[in-house]
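Throw the hints in and build the complete structure from the sequences for me.
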Amino acid sequence: MYKSFNTDMTIGGYQFEVGKTYEIEEGEELKFEFEFCRDIQDCFRSHGIKSRICEIKAEDIIEGDYKSVCRKITIVRELSQKEIMDKITESSHAFWWAKIIGNPEVMIDKITDSYHAYLWARDIGNLDVMIDRVTDSYSAYLWALNIGNQDVMIDRITDSEDAYYWARNIGNREVMIDRITYEGQRKEIEKIIKEKVLNNSINARSIDHSLFLAMKIKEKNNV
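Mapping the sequence shown onto the numbering used here, position 14 (from 1) lands on 81, and the numbers just tick up by one.
Keep in mind the hints are simulated off the structure, nothing from the lab.
Warning: the hint list may mix true and false statements.
As the list claims (entries may be wrong) - Derived DSS-like pairs: lysine-lysine, alpha-carbon spacing no greater than 30 Å straight-line:
(1) Lys87 <-> Lys154
(2) Lys134 <-> Lys87
(3) Lys124 <-> Lys87
(4) Lys117 <-> Lys139
(5) Lys177 <-> Lys134
(6) Lys139 <-> Lys166
(7) Lys134 <-> Lys98
(8) Lys149 <-> Lys87
(9) Lys134 <-> Lys154
(10) Lys154 <-> Lys166
(11) Lys87 <-> Lys139
(12) Lys139 <-> Lys177
(13) Lys166 <-> Lys117
(14) Lys134 <-> Lys149
(15) Lys117 <-> Lys149
(16) Lys154 <-> Lys139
(17) Lys149 <-> Lys166
(18) Lys154 <-> Lys117
(19) Lys124 <-> Lys149
Said to hold, decoys possible - The following label-pair restraints were derived from C-beta to C-beta distances:
(20) Glu255 <-> Gln148: 45 to 53 Å
(21) Gly86 <-> Asp190: 38 to 46 Å
(22) Thr156 <-> Val219: 38 to 46 Å
(23) Glu241 <-> Thr179: 31 to 39 Å
(24) Asn193 <-> Thr156: 17 to 25 Å
(25) Lys154 <-> Lys254: 47 to 55 Å
(26) Asp106 <-> Lys149: 14 to 22 Å
(27) Lys166 <-> Asn236: 53 to 61 Å
(28) Gln82 <-> Gly238: 56 to 64 Å
(29) Asn236 <-> Thr77: 43 to 51 Å
(30) Thr74 <-> Val143: 18 to 26 Å
(31) Asn193 <-> Asn73: 40 to 48 Å
Here a beta-carbon is modelled for each residue, glycine too, at the ideal position from N, C-alpha and C.
Take a look at the structure:
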């Protein structure tokens, strides 16, 4: 069992110390200062990735979802940074650990989630590694928009909403139009396509007219 603390080992109105036991008096209500987690990664939800984490002994427990609470708690020992790092398995925590604390060479292999692969590539690097880990439509759209590789990511766009935003913000509208299922968004992109075709036609006629005038002027000058 684990408990996270502020950097000065405080929580709320309590100053905790390793080796000491704290107890809620009989008749007192349960307090958030006596909350703890069974999974060390759940501790990050309370105090972030830079929190100090201790192994604790809890008594008179009321179980919760990711956090439980007890009436008596003993702070057994503080975990080292390496001990905490070795227990990280989730992509989100691995990303934030690498970004805020470091050890990217350790955390990179723990990035298995598509969205956090995108975040890693954007904020840390290793694009050649992360590009193959981006598999879901939303992350592919974000990668194409903010990093590039549209030629790779375009085939990973399967969600209607992502296809709509791709068409609106990146392009490839003739490709994306068939992937958009929401009628209002589809009509908007169809309108943009038609306007573009019309503008291209007008521009082409304008160019042709300009060339025609230039030829007439040249002929006149040669007379």
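What hint numbers does the structure not satisfy?
-> Hint check: 6, 12, 22, 27, 31 fail, others pass.
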